[in-house]
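These protein sequence lines map, in sequence, to chains A and B. Read the first sequence against our numbering and you will find it ends at 265, with the numbers running on by one and no gaps. Read the second sequence against our numbering and you will find it ends at 1718, with the numbers running on by one and no gaps.
Hints were generated in silico from the structure; no laboratory data involved. Certain hints may be false.
[Said to hold, decoys possible] So the derived label-pair ranges between C-beta atoms look like this: (1) A:Lys245 with B:Glu1335: 40 to 46 Å; (2) A:Gln203 with B:Lys1477: 44 to 50 Å; (3) A:Ser54 with B:Val1380: 47 to 53 Å.
[What the hints assert, rightly or not] Looking from chain B toward chain A, a few residues come up when the C-beta cut is under 8 Å (computed): (4) Ser1323; (5) Tyr1324; (6) Ile1367; (7) Thr1505; (8) Ile1533; (9) Val1599; (10) Leu1623; (11) Met1647; (12) Ile1715.
In this text, a Cβ means the ideal position worked out from N, Cα and C, and glycines have one as well.
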Amino acid sequence: MKIITCIKQVPASSNVGVDKETGVLIRDGNNVKMNPYDLFNLEAAFTLKESSQEALVHAISMGPPQALEVLKEALYMGADEATLISDIKFAGADVLATSYTLSELIKQLGKYDVIVCGKQTTDGDTAQVGPEIAEFLKIPHVPYVKEIIKVEKDKLTLRSGYDDYEEIVAVKLPCLITIEKETNTPRLPSFRRRLLKEDYQIAIKSLQDLNDKNPKNYGLLGSPTQVEEIFPPEKSSAGEIIKGKKEEVVESLINILKERRYL
Amino acid sequence: MSYIKVNNDKVTPEIAEKLIKLCPFNAFEYHNGYLSINSLCKVCKICVNKGPKDVCEFVEEKKETIDKSAYRGILVYLEHHQNEIHPVSFELINKAKELAAITKEPVYALLIGSEVKSLAEETLAYGVDEVFVYDDVDFKEFNVEIYTNISEDFFKNFKNNIILFGGTPLGRSFAPRVAARLKTGLTADCTKLEIKNNGDLVQIRPAFGGNIMARIITPNNRPQLATVRYQTFALPEKEKPRGKITFLKTDTIKRETNIELLKKIISPKVEEITAAEVIVAVGRGFKTEKDLELINPLVKELNAFVGCTRPLVEKGWFDVKKQIGMSGRTVRPKLIINIGISGAVQYLEGMKEADLIISLNDDPNSKIFEISDYSFVGDLYTLLPELTKKIKEIRQV
Chain A
3 MKIITCIKQV PASSNVGVDK ETGVLIRDGN NVKMNPYDLF NLEAAFTLKE
53 SSQEALVHAI SMGPPQALEV LKEALYMGAD EATLISDIKF AGADVLATSY
103 TLSELIKQLG KYDVIVCGKQ TTDGDTAQVG PEIAEFLKIP HVPYVKEIIK
153 VEKDKLTLRS GYDDYEEIVA VKLPCLITIE KETNTPRLPS FRRRLLKEDY
203 QIAIKSLQDL NDKNPKNYGL LGSPTQVEEI FPPEKSSAGE IIKGKKEEVV
253 ESLINILKER RYL
Chain B
1322 MSYIKVNNDK VTPEIAEKLI KLCPFNAFEY HNGYLSINSL CKVCKICVNK
1372 GPKDVCEFVE EKKETIDKSA YRGILVYLEH HQNEIHPVSF ELINKAKELA
1422 AITKEPVYAL LIGSEVKSLA EETLAYGVDE VFVYDDVDFK EFNVEIYTNI
1472 SEDFFKNFKN NIILFGGTPL GRSFAPRVAA RLKTGLTADC TKLEIKNNGD
1522 LVQIRPAFGG NIMARIITPN NRPQLATVRY QTFALPEKEK PRGKITFLKT
1572 DTIKRETNIE LLKKIISPKV EEITAAEVIV AVGRGFKTEK DLELINPLVK
1622 ELNAFVGCTR PLVEKGWFDV KKQIGMSGRT VRPKLIINIG ISGAVQYLEG
1672 MKEADLIISL NDDPNSKIFE ISDYSFVGDL YTLLPELTKK IKEIRQV
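So that you can see chain B by itself, here it is in the shape it has in the complex:
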């Protein structure tokens, strides 16, 4: 097996302490002068690369290697509801085209449903090479067991290199099922995707729910699976369709299921923060719920949506639908004004694609300033009342 070996003859108490501090996963244990690694180790190799010299060593057992050239094509799963394709699927097509240009492989879309030809035609306009359709009355509603059977059937026939799923609730339930069926890797909620010349997908996402990013690869398995949240990538422009639609045989697909859908309840369409053009977002800088009223004049003036950080949802001040960030909604408005938000990575990742980022915080070193176009340093309890005053003056002119 591959593992990190500790050369204990080089370990002193100081070195042990250094390594214990260095490891992001708490995997080192130091007892009676002996330094060992426990099963929390993720083999991230930071101890080898950044630790004291020659103490930790990466011992690698070579796996049997696969022929990567046998797997071609970047496939996007087309999620659809009420005869409408979820826009995240088109965003993924956009990214897939970008990646495929590097490796010169085709971009495919997979569509499963009943009487979905019009959706396939619509997808062609986003520049895919081929839309593969499993159209069958039994596939009308999403069923994770049956749809997994279909995905397996598709991969067995087409040996594609990559499959991308929207990081929607449906995608996050479906993709892992497909990954386990095909015994391959899956990286959730990637914020960036790159590709190597050999077809390896580089999946970048925040790790440890904290302020650090990980580059993840699937070096020896195919297909490579990843989910990406809605609005992480831009929508592609429509173009003159050049691809084709291929209907695949459905009669060999196993359609027994243990899950019976009794009722689907569509929530009334509320105006979603994901669609907002202007957002005023608030964070822990606000000491009480009542203090949030300070933003009202600004919100009204800008006709803005109000969003918030995770801690305010946890305090019960906001519904989770207002939460911006990796564990909430990813937004890409024209303008976002962050007030009293210090900028945890999971928040920054959820809003960094905004066209204009304005932030207001009392700490000149806050992380939010590092990605802001305009950073205003000051106490919100001083600045907001002043802002309200100014807005009133403007209105009176």
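Only chain A is shown next, with the shape it has when bound in the complex:
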């Protein structure tokens, strides 16, 4: 069984502030990390590998060269192969262009059985890239997988969570699944794996390596959505501020609740 897992490097902190005078963004540092949801995605990929024979996990990522770091992490955790797709021509890619780029890369990697994605990323929070990749590859997808119940040669049996209900489905291979958070215990990168994979050369692919080389289908040009503007959140009229001695503050809170008949 061949398993492809899609992972992403995201900013380590979401603490983006706005300078009130200039409207300019203030970030605290340029730190990056693996998308936390992808840890569960990788663990699910390894579980699939362990429950079938002659299986192989291939981790892929799209991003700038520094995203090689998350692929290394995946290799040290247990991935067998890794490929980065990186090109300045991908700049400005929205969900559609990103999914299309990843699907074109996956087509280059040969036959596969299961594509595993995290439920979402912490920077975009959209949870859309997985289903869109599946659509571009014309394969079924099953989202929010909480449990891999059964692995067979030509199908998976899965349990998915949808807030108010759960579904148990059987899906034919090849398919794409997205993994719900906290449904397994992700392993840590191991020292032994690190030694084993230290000399592994992660393949770096660019637009030229893809079958569809038309730049119009990638990056900003291939993106139906465009960011028109980014701006600090609006200040709705802030109300009254009450401070002072604890007795006074609490008294005033009690009065407000009384006035509104909550007390």
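Fit chain B to the given chain A structure using the hints.
Frame of chain A, contents of chain B only:
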């Protein structure tokens, strides 16, 4: 291609540093006196608009343009379970009517299922112009492959301008599939929707999981797709039905699927925080899990639901179902009391529609105060015991 061009002859180390700091996506790289942009660039143009003058330039390649007037109608996908329409669909109809009033286009609803006529009738009472129904025994349960085929069929026939989906787990799995099939844009979890006279939908949502908002448009593709979380918009009032119900042909729809539903397990209905009228919400101001007991007398007195911020779920103090915010539940109670919550945007967006917002925090500059009706400045470890004392006094009177 369209891109940001850097005029390197104007770049000094200071300018480079300024731009590196300015870019929200870490897309600038400065090596050996040369400033370049990597693929993390989202072409948000902040470097062009807010950066040092004439250093960054937006170079645009014109795309072929579409005739926007050929696409009309705002369509709402009606999500339903156990013969009940999810209220988020009605909330979307409310917003769709508002938008359609500006562009003078019709509001449609799309209903897919088996024996769902009564649901179509119910929907008419919310003021849609037309409910389109694909009613077929094979469509009884939601199937993402078959339902995507149906959506494609509908769009090909009706060329609608916009399709709105509830940002439910089902909607968040279904909408991207439809977007990729129709090769169009999709914006997830919009917190605000506006429309331009030319029919362009302005989709506003928090970006970067951080404290910043983005206005997103789909200027040259149709339909325009967006998902919106439950309780982001208000429910419409019922009115005298004036629209009609149209049953569409189902026999041409491809119904082969690779996904077989073996079992659907309905979770027992728990009282959801989304339905709560009074919420006491807690955040990182509480140092230990045990300290949360400090709110108990207040919660009991107000007969309130307890909600929390994302960090407390991550600490394992609360189930994710209690989490308020974009990545949790959106709530619109009559009253919310925020205690020890500083107010990350993703939290604020999840509760700002509450009728009355009361917040208690020790930092007078906390963001939560900017949207609160009443802001109480003080240490919760001092104020809550005092509050408990007062509540007891009231009870004894």
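Do the hints match the structure? See the list:
1. A:Lys245 with B:Glu1335: 40 to 46 Å: About 42 Å separates the Cβ atoms of lysine 245 of chain A and glutamate 1335 of chain B, which means 40 to 46 Å holds.
2. A:Gln203 with B:Lys1477: 44 to 50 Å: holds, 47 Å
3. A:Ser54 with B:Val1380: 47 to 53 Å: holds, 49 Å
4. Ser1323: Where the cut-off is 8 Å and the nearest Cβ of chain A is about 5 Å from serine 1323 of chain B, the hint holds.
5. Tyr1324: The hint holds - tyrosine 1324 of chain B has a Cβ within 8 Å of chain A, the shortest such distance being about 6 Å.
6. Ile1367: holds, 6 Å
7. Thr1505: Since the shortest Cβ distance to chain A is 5 Å, the answer is holds.
8. Ile1533: holds, 5 Å
9. Val1599: holds, 7 Å
10. Leu1623: holds, 6 Å
11. Met1647: Holds, about 7 Å.
12. Ile1715: holds, 6 Å
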